[in-house]
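**Q** Here is what each chain is made of, one letter per residue.
Number of protein chains: 2
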Amino acid sequence: MNTVLETCRRAAAAKQEIGTLGTQQKNAALLAIADALQANRERIKQANRQDIEAGRKNGLNEGLIDRLTLGDDRIDGVADGCRQVAALPDPVGEVTEMKVTPGGLKIGKKRVPMGVIGIIYESRPNVTVDAAALCFKAGSACVLRGGKEAFHSNLCLMQIMRDAVAACGLSPDILNLVEDTTHEGANVMMQANGLIDVLIPRGSARLIQAVVHTATVPVIETGVGNCHIYVDASADIDMALDILENAKCQRVSVCNAAESLLVHRDIAAAFLPKAKERLDQHSVIWHGCPETCAILGDSIIPATDEDYGTEYLDYEISCKVVDSTDDAIAHINRYNTGHSECIVTHDYFHAQRFLDAVDAAAVYVNASTRFTDGGEFGFGAEIGISTQKLHARGPMGLKELTSNKYIIYGEGQIR
Amino acid sequence: MNTVLETCRRAAAAKQEIGTLGTQQKNAALLAIADALQANRERIKQANRQDIEAGRKNGLNEGLIDRLTLGDDRIDGVADGCRQVAALPDPVGEVTEMKVTPGGLKIGKKRVPMGVIGIIYESRPNVTVDAAALCFKAGSACVLRGGKEAFHSNLCLMQIMRDAVAACGLSPDILNLVEDTTHEGANVMMQANGLIDVLIPRGSARLIQAVVHTATVPVIETGVGNCHIYVDASADIDMALDILENAKCQRVSVCNAAESLLVHRDIAAAFLPKAKERLDQHSVIWHGCPETCAILGDSIIPATDEDYGTEYLDYEISCKVVDSTDDAIAHINRYNTGHSECIVTHDYFHAQRFLDAVDAAAVYVNASTRFTDGGEFGFGAEIGISTQKLHARGPMGLKELTSNKYIIYGEGQIR
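Top line first, the protein sequences correspond to chains U and P. Heads up, the first sequence stops at 415 in our numbering, and the numbers go up one at a time, no gaps. Heads up, the second sequence stops at 1415 in our numbering, and the numbers go up one at a time, no gaps.
Quick caveat, the hints were computed from the structure, so don't treat them as lab data. Take these hints with a grain of salt, some might be off.
Capping the alpha-carbon separation at 25 Å, the derived lysine-lysine pairs in BS3-like fashion look like this [unchecked claim]:
#  : chain 1 : residue 1 : chain 2 : residue 2
1  : P       : Lys1399   : U       : Lys106
2  : P       : Lys1045   : P       : Lys1148
3  : U       : Lys99     : P       : Lys1110
4  : P       : Lys1106   : U       : Lys109
5  : U       : Lys99     : P       : Lys1057
6  : P       : Lys1110   : U       : Lys399
7  : U       : Lys106    : U       : Lys399
8  : P       : Lys1109   : P       : Lys1099
9  : U       : Lys148    : U       : Lys45
10 : P       : Lys1276   : P       : Lys1045
11 : P       : Lys1045   : P       : Lys1399
12 : P       : Lys1057   : U       : Lys110
13 : P       : Lys1099   : U       : Lys110
14 : U       : Lys109    : U       : Lys99
15 : U       : Lys399    : P       : Lys1109
16 : P       : Lys1399   : U       : Lys110
17 : U       : Lys109    : P       : Lys1045
18 : U       : Lys57     : U       : Lys45
19 : P       : Lys1099   : P       : Lys1110
20 : U       : Lys110    : U       : Lys99
21 : P       : Lys1057   : U       : Lys399
22 : P       : Lys1106   : P       : Lys1045
23 : U       : Lys45     : U       : Lys399
24 : U       : Lys399    : P       : Lys1099
25 : U       : Lys399    : U       : Lys110
26 : U       : Lys109    : P       : Lys1274
27 : P       : Lys1045   : P       : Lys1057
28 : P       : Lys1057   : P       : Lys1276
29 : U       : Lys99     : P       : Lys1109
30 : U       : Lys148    : U       : Lys57
31 : U       : Lys110    : P       : Lys1109
32 : U       : Lys399    : P       : Lys1106
33 : P       : Lys1109   : U       : Lys109
34 : P       : Lys1399   : P       : Lys1106
35 : U       : Lys99     : U       : Lys399
Let the sequences and hints guide you as you build the complete structure.
**A** Put into structure tokens, the structure is as follows:
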């Protein structure tokens, strides 16, 4: 078994090769990876069965077993994902803002690969392929560290991808999987300064916080979403009901799902009973402020301060009646995680104020928070959704996986 | 004395106010700060004298005493700096890449303030004003932590600035100085997650590494520069001599000064004796590879591996003869700090190869590395030079002190 540090060193040694590779060569390798994954589907399913059996023995629930399972559909899915990434425009090499200084230097900003991208994720083995393909197209070597429940699947997928890359005449060390799935192994990766240029944790709030607190390499925080729907006094009630239902219930386990409802006092009596009725169709549990409880009655659990800060990721919602748009904004800026926030309103000034003052990656007027997604935003694919302000904020596509450098053409200039 | 955490909390409470302030109000406050600094020059000089006397008692050398000193010229300089920042375009609020999705959502990327910017720096008290002015114009509250040698000066400058801001009807907590200058105090700042959005260390390599290793808040690494001049076989020897002399000797203590010379084998015998002669005018000490020593003789100290990795910041240089441009690139990518690198050449393909393959914030063809500077790059002012790949790379102006958010205008869209 390679140590984590050895794996990081191999990736760093391969970054120059992938970083200077042309678009056509990168795309050809991505298509070769896609073909190899489909050609080796029996081998993948066999490795996957090992993980599933181990998971059942260790008492994983069926939801987790499902996330772990690689059937033919999912194998075809990840292969098609590679083909889609091959079809995306190459972000690397674009030069922008080229200008000539008074002294005659030509200075431009060139988009360049990150170098080595580390990604730490949890159970789903398809992330191994998705993440590898995106890093590859973005011109970076990658060091992936999946969950130990998916270890055999990840190892098999990675071996197939490395072989495919090698068959294209490239170094297999452009793509790497950490074989040591202990916490200590993850910590080595988080502190591989000089080897890993950026580390992206994908998964639970706990994983992300562990990475933020342990890492000494640059990190992009992703994915925790305590998202709010604020129904302003002037809201169209039917629109607000549709947006609330969609944001809360269309898929409860995702980071852009709504977790909290804020309602202006003037519309609360008219809106809340209908909202309750609508969410009752999905058996949503309510945690309400005193006014909410007064309007909706005994079935509402009184909301605690902790409720307002909770990302339920389930059929559960917190609800608060507020006095104004500014009240709603203050509540959101206190409790949110900087992900996605929505106002439903007819009022132009309230819409503008909400867009200006809410501190989040994506701020919506009259649309569901569920749209915060690389695909929906037109990026083609995403590696995650950044909830920090440094480097990238919101859905991260290929462009967000790159850096830049200044290139300067001179004719002997000195200062 | 306020604790560091209290100071960070005050800054966080003030970020909404400065973040939504209009350009004219920000500029008016910056001009008021400039006037107040000049009106209070005697008070500043008095506080500064306390620091200078303490510094002399503690045995600070005259170079450090000079950096610490605030005479009338420097006070006028920082005041004028505020006026220049007021005159720069406001980076906040620009919306780019606005597009309409197939579903009719209008999605745009809006430039927004960071929130709270933390800056940890060393002896020079003028940084207190420069950094505060840049953060203010960029729409962020700031938490500054200067060196303890400049404590009285910093406190006095900050008090004058806070009073000026308050006199404009704004919260003085937009501008903050950490009063606790212990290491523990700095550590609190480095781990003020949720309060500080980005932390920028400015100063020695040791300070920056301490921040990188201790901080759990997002950090931008700045300023360490082991910069190379590579003289290719086809170089114009006179141009190479001018660039070498300028990059090495024009100001030795700065991060964009050259620290290492690489010379192609075919030009080494012709170039090196002239280079030695030129740098002898500045009494530069040479550390050379065996070939360099063979050409230049006994006065050259044999270079160690450590020399190639050293940022001398002094009249000292390491030198190595290489076989090719690719050799030079490999050497640079091994030893550099990702700051500024230069090739001197007549060869088109070598120039392009160097620009493509050297991994640094600024890569030059035929120009001195000394140009890596916010002013020279046309940014008007800079907060530092980023040597990391995340968020900003190279000189950081006002734009690099901002983040973005997506704003989405809908008409009831759901997924």
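**Q** State for each hint whether it applies.
**A** Structure-based check of each hint:
1. Lys1399/P <-> Lys106/U: Cα-Cα ~20 Å, so holds.
2. Lys1045/P <-> Lys1148/P: Within the cut-off at roughly 17 Å; holds.
3. Lys99/U <-> Lys1110/P: holds, 24 Å
4. Lys1106/P <-> Lys109/U: violated, 28 Å
5. Lys99/U <-> Lys1057/P: Violated, at about 50 Å.
6. Lys1110/P <-> Lys399/U: Judged against 25 Å, a Cα distance of about 17 Å means the pair holds.
7. Lys106/U <-> Lys399/U: holds, 24 Å
8. Lys1109/P <-> Lys1099/P: Roughly 10 Å separates the two Cα atoms, so the pair holds.
9. Lys148/U <-> Lys45/U: The given pair, whose Cα atoms are some 17 Å apart, holds under the 25 Å limit.
10. Lys1276/P <-> Lys1045/P: violated, 44 Å
11. Lys1045/P <-> Lys1399/P: Violated, because 33 Å separates the two Cα atoms, which is more than 25 Å.
12. Lys1057/P <-> Lys110/U: violated, 50 Å
13. Lys1099/P <-> Lys110/U: holds, 24 Å
14. Lys109/U <-> Lys99/U: Judged against 25 Å, a Cα distance of about 10 Å means the pair holds.
15. Lys399/U <-> Lys1109/P: holds, 14 Å
16. Lys1399/P <-> Lys110/U: Given that 25 Å is the threshold and the Cα spacing comes to 17 Å, the pair holds.
17. Lys109/U <-> Lys1045/P: Answer violated: Lys109/U to Lys1045/P is near 42 Å, above 25 Å.
18. Lys57/U <-> Lys45/U: holds, 18 Å
19. Lys1099/P <-> Lys1110/P: holds, 12 Å
20. Lys110/U <-> Lys99/U: holds, 12 Å
21. Lys1057/P <-> Lys399/U: Given pair Lys1057/P, Lys399/U is violated - Cα atoms ~54 Å apart, limit 25 Å.
22. Lys1106/P <-> Lys1045/P: violated, 55 Å
23. Lys45/U <-> Lys399/U: violated, 33 Å
24. Lys399/U <-> Lys1099/P: holds, 17 Å
25. Lys399/U <-> Lys110/U: Holds, because 12 Å separates the two Cα atoms, which is no more than 25 Å.
26. Lys109/U <-> Lys1274/P: Violated: Lys109/U and Lys1274/P sit about 34 Å apart, past 25 Å.
27. Lys1045/P <-> Lys1057/P: holds, 18 Å
28. Lys1057/P <-> Lys1276/P: With Cα atoms ~41 Å apart, Lys1057/P and Lys1276/P exceed 25 Å; violated.
29. Lys99/U <-> Lys1109/P: holds, 24 Å
30. Lys148/U <-> Lys57/U: Given that 25 Å is the threshold and the Cα spacing comes to 14 Å, the pair holds.
31. Lys110/U <-> Lys1109/P: Holds, at roughly 21 Å.
32. Lys399/U <-> Lys1106/P: holds, 20 Å
33. Lys1109/P <-> Lys109/U: holds, 20 Å
34. Lys1399/P <-> Lys1106/P: holds, 24 Å
35. Lys99/U <-> Lys399/U: This hinted pair holds, its Cα atoms lying about 22 Å apart.
In the structure shown, a violation is registered for the earlier hints numbered 4, 5, 10, 11, 12, 17, 21, 22, 23, 26 and 28, in ascending order.
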